[in-house]
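Novice: Note that the protein sequences, when read in sequence, are chains B and P.
Numbering-wise, my numbering comes out as the position in the first sequence, counting from 1, plus 634.
Numbering-wise, my numbering comes out as the position in the second sequence, counting from 1, plus 689.
No lab work stands behind these hints: they were computed from the structure.
A hint or two may mislead.
Simulated DEER-style distance windows between Cβ atoms [unchecked claim]:
#, chain 1, residue 1, chain 2, residue 2, range
1, P, Leu1030, B, Leu642, 33 to 41 angstroms
2, P, Gln1112, B, Val645, 54 to 62 angstroms
3, B, Ala638, P, Arg838, 51 to 59 angstroms
4, P, Gln1224, B, Arg760, 32 to 40 angstroms
5, B, Val645, P, Ala718, 46 to 54 angstroms
6, B, Leu639, P, Leu1126, 43 to 51 angstroms
7, P, Phe840, B, Asp686, 51 to 59 angstroms
8, B, Leu639, P, Ala1032, 19 to 27 angstroms
9, B, Asp767, P, Asp1252, 30 to 38 angstroms
Rough simulated footprint, nothing fancy, chain B against chain P, three-plus residues with beta-carbon under 8 angstroms [unchecked claim]:
#, segment
10, 811-824
11, 926-936
12, 1169-1179
13, 1268-1274
14, 1313-1326
If you want the ones that stay clear, here's a sample from chain P, every Cβ over 12 angstroms from chain B, calculated [said to hold, decoys possible]:
#, residue
15, Leu827
16, Asn850
17, Ala1019
18, Thr1053
19, Phe1055
20, Leu1111
21, Trp1115
22, Leu1123
23, Tyr1133
24, Gly1134
25, Gly1216
26, Gly1222
Bear in mind that the values here come from a model prediction, so they are computed numbers and not experimental data.
Positions of the beta carbon are idealized from the N, C-alpha and C atoms, including for glycine.
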Amino acid sequence: MRRALYLLPLVLFVVLVGYFATSLRPGHDSQELPSAMIAKPAPAFDIVGLGDSRGLTLDGLKGHPFVINFFASWCVPCRIEHPLLMRLAEQNHLPLYGIAYKDKPDDSTRLLATFGDPYRQVGVDRDGRVGLDFGVYGVPETYVIDSAGVIRRRFVGPLTAETVDKDLLPLLKQLGQS
Amino acid sequence: MITELGHFALILALFVAVIQSAVPLVGAARRHLGWMAVGRSCALIGFGLTALSMLALMHAYVTSDFTVINVVQNSHTDKPLLYKITGVWGNHEGSMLLWVFMLSLCAAAVALFSDNLPPALRARVLAVQGMIAVGFLLFILLTSNPFLRTFPPPPNGNGLNPVLQDPGLAFHPPFLYLGYVGFSVAFSFAVAALIEGRVDPAWARWVRPWTLASWCALTVGIAMGSWWAYYTLGWGGWWFWDPVENASFMPWLVGTALIHSSIVVEKRDTLKSWTILLAIITFSLSLVGTFLVRSGVLTSVHAFATDPERGSFILLLLIAAIGGSLTLYAIRAPALKGGGLFAPISREGALVLNNLLLSCGCATVFLGTLYPLFLDAMGGPKLSVGFPFFNRTFAPMMVPMLIAVGIGPMLAWKRGDLLGALQRLWVAYVATALVVLIAFYVTYGGPMLAVFGLGLSAWLFAAVLTEFAERIRLFRVPFPESARRAIHLPRSAYGMTFAHLGLAVSVAGFAASAYAQEAIEILRPGGSISIAGYQLTLEHVDHVPGPNYVADDAAIRVTRGGDFIAMMHPQRRFFPLQQQTTGETAIRTNLLADLYVALGDTNTEGDWTVRVYWKPLVPWIWMGAIIMAFGGLVSLSDRRWRVGAAARASRRGSAQPVPAAGE
């Protein structure tokens, strides 16, 4: 019995390795996590807008392909991603909508006032309900949704110029044509 | 040419490390002194080779040699010299080279400063160090080689991420790595002890200085990282529970536990297998931290290159290092015999409590960091815990610990007198009550938790001072006698007092951050904001050219009650190369509070968003960390680590009772 206790750390470590290995399995790219939600209709949401803006609803966005970005003011990686989003909004006119995830509305407003607002509209997900429905794993996370409201792609973590150019923009273009 | 020299030096270092990991081990098993001595020379040669390699890469950066891919990707001719040098470790390949360099530095230090170690133990320790080096050298050479060339060379490089071009961040990685990697020595000692099947007080005394030194470096490294986040990210926040921050915080927590539990091994010859386990876990967490950042399993600010191939390689390394050592632990640890018994209420008991709380705290941070990963792997519903989780779980766990830090050192070894200790701490109760009342009165209507936190800090501060006064019997014996006692107190006792005082100072900083005030206004030149009695007037905003950026520099006049205090210059810097804008906050501190100004966006009419924070006691967070690290260094300078006492003791087979942190 006492010996078994000494085995415990090793056993726990083996379990941990199992988790690490699954997260590294082929196709399990960190930027593009296969999600149970891919190719499924995006969960419906109807949330209040940030500040005085209109509310954000899934039905209101359908009709054109669009991009949803979950962000928060307390999130450091979002800060890294922010300049890229600004560039995408200005240069590529990306139909980008923001969801402020588990963030105080005042803080989100301040973030956008300070560093610029790349979003066409921002919804407030104060308790993380919408994030839960989407299966958000951490902020920032970005979803590409087609005109029918089906999730086509998910990006976990800050977008990089490379993924945007090679993946996100071509996909949006393709979705826009079909 | 120089680049190739660096490359070859690294390959040679790999071969040397292979020899270092095998020959001394065989020598130790066969009691062959010559073979054992090989470890020492290998460690020194390995250090020389990796240092050469590091210098070669620096040379490529400083001369902007764009035939080297790594330089192309991370440097630029216009980059200031400081960032050309520190850019060496501002990327994945270079930072791994720095890692290995630090590792070889530690091995060389063990080789040089281990004259009082039995040759077999030294040989085994160096062999384990060699094995770790083999793993990481292979990793660099096979998957992340910084010396690869490209032809034809591009006219210029891509530059370094502007957010990373900052003096605070430039020196943060070396300290952090020194801390991470320094724990490899404790790890090697633990594995060597398991191979020998013997852990005694002398062992603990050899391990402690290494652990202390790494702990100091890690403390400074974490503090620098948090300070950087504070002034660069422009939010006035100093800790974000970001996976990378957690990755450095976890080894710190367990390392702190290790420092304390090794005192028990040294003084009382017990808690052995637990201490060994802590030594293994501390370094394992450093490795896991490396893995999390490099592999792309979790994303974060600093995640330079995420590449599954590298991830798989590091995972194999983890399995070999951690799996191997834990297997050895499972086989050998049950045979380690515990020594002295102790009552639950005793110094040992207090240190066990400290260990339990720190380990649980670490486990919480670990779970919070990896929870999304666990759920994801099981295909279950995906949740994100983030910021709110840690504040609700980790913080409450640290409260009993902070209370106990005040009491623990007052208890005697073996069997303590809790009631007596609590009575002797009456000064601390008075101090706590005073601080709580004053804080409550001054900040009436403010956050109650902050009052509580300040009370905790006051308790800790007063209790530590009471303990020190007890030790020199202040006011009980004539003052000259107290002074004499103070002079003769071992340095390790001073070290403990400083480290605990530093903790109290930091806690005050954490707690008082709840009182921060902020104001945000859109200002036209001439407009002003007032905060906490200060009046800030935006005078003008100028275009200022920098070495590789152009900045909008705001001149803000700070006055208080009409008196001029200072001019502050927050900036927004635009880096044309990366098309990125970064904020450069201006901070004015009087050590009691920070006035923090960040310049935001502008619009076409020339209005500027200006954010101002007033943050009381915030500088104390880092001052506390520096005091803690200083305490560690003071303890490290204790002469008993240096004198041959340890070697003599080990020859006799038992250790002399030498004062650990507190008698």
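Novice: Against each hint, give a clear statement of whether it holds in the structure.
Specialist: Hints and how they fare:
1. Distance hint check for Leu1030 (chain P) and Leu642 (chain B): the Cβ-Cβ separation is about 24 angstroms, which falls outside the suggested range of 33 to 41 angstroms.
2. Taking the beta carbon of each, Gln1112 (chain P) and Val645 (chain B) are about 46 angstroms apart, not inside 54 to 62 angstroms as hinted.
3. Judged by the Cβ atoms, the range 51 to 59 angstroms given for Ala638 (chain B) and Arg838 (chain P) holds: they are separated by roughly 54 angstroms.
4. In this structure the hint that Gln1224 (chain P) and Arg760 (chain B) lie 32 to 40 angstroms apart at CB holds, the actual value being about 35 angstroms.
5. Restraint check, Val645 (chain B) to Ala718 (chain P): a C-beta distance of roughly 29 angstroms breaks the suggested window 46 to 54 angstroms.
6. For the pair Leu639 (chain B) and Leu1126 (chain P), the beta carbons lie near 48 angstroms from each other, so the given range of 43 to 51 angstroms is met.
7. For the hinted restraint 51 to 59 angstroms between Phe840 (chain P) and Asp686 (chain B), the CB-CB distance of approximately 58 angstroms keeps it satisfied.
8. A hinted range of 19 to 27 angstroms for the beta carbons of Leu639 (chain B) and Ala1032 (chain P) is consistent with their spacing of about 23 angstroms.
9. About 55 angstroms separates the C-beta atoms of Asp767 (chain B) and Asp1252 (chain P), a value inconsistent with the hinted range of 30 to 38 angstroms.
10. Here's how the segment 811-824 of chain P fares: 0 of its residues keep a CB closer than 8 angstroms to some CB of chain B, so the rule of at least three is not met and the hint is violated.
11. Judged by the Cβ-Cβ criterion of 8 angstroms, the segment 926-936 of chain P is covered by chain B as claimed, because 3 of its residues qualify and three suffice.
12. Counting residues of the segment 1169-1179 of chain P whose CB lies closer than 8 angstroms to any CB of chain B gives 0, so the stated coverage by that chain is violated, three being the minimum.
13. Using a Cβ-Cβ cut-off of 8 angstroms, 4 residues of the segment 1268-1274 of chain P lie near chain B, which meets the minimum of three, so the contact claim holds.
14. Residues of the segment 1313-1326 of chain P lying with their CB closer than 8 angstroms to a CB of chain B number 0, which falls below the three-residue condition for coverage.
15. Against chain B, the non-interface label of Leu827 (chain P) holds: every CB pair exceeds 12 angstroms, the least being about 18 angstroms.
16. Distance check for Asn850 (chain P) against chain B: the nearest CB is about 8 angstroms away, which does not clear 12 angstroms, and the non-interface claim fails.
17. At roughly 5 angstroms, the least C-beta separation between Ala1019 (chain P) and chain B is not larger than 12 angstroms, which violates its mark as non-interface.
18. The beta carbon of Thr1053 (chain P) is kept farther than 12 angstroms from every beta carbon of chain B, the shortest such distance being approximately 15 angstroms.
19. Against chain B, the non-interface label of Phe1055 (chain P) is violated: not every CB pair exceeds 12 angstroms, the least being about 9 angstroms.
20. Consistency note on Leu1111 (chain P): stated as away from chain B, and its beta-carbon is indeed over 12 angstroms from all of that chain's, at 34 angstroms minimum.
21. With a minimum CB-CB distance of about 42 angstroms to chain B, Trp1115 (chain P) clears the 12 angstroms threshold, and the non-interface call stands.
22. Look at Leu1123 (chain P): its CB is around 34 angstroms from the nearest CB on chain B, clear of 12 angstroms, so calling it non-interface holds up.
23. For Tyr1133 (chain P), the non-interface assignment is confirmed: its Cβ lies about 24 angstroms from the closest Cβ of chain B, beyond the 12 angstroms cut-off.
24. Distance check for Gly1134 (chain P) against chain B: the nearest CB is about 19 angstroms away, which clears 12 angstroms, and the non-interface claim stands.
25. For Gly1216 (chain P), the shortest C-beta to C-beta distance to chain B comes to about 16 angstroms, beyond the 12 angstroms cut-off, and the non-interface label holds.
26. With a least CB separation of 22 angstroms from chain B, Gly1222 (chain P) remains clear of the 12 angstroms interface cut-off, as annotated.
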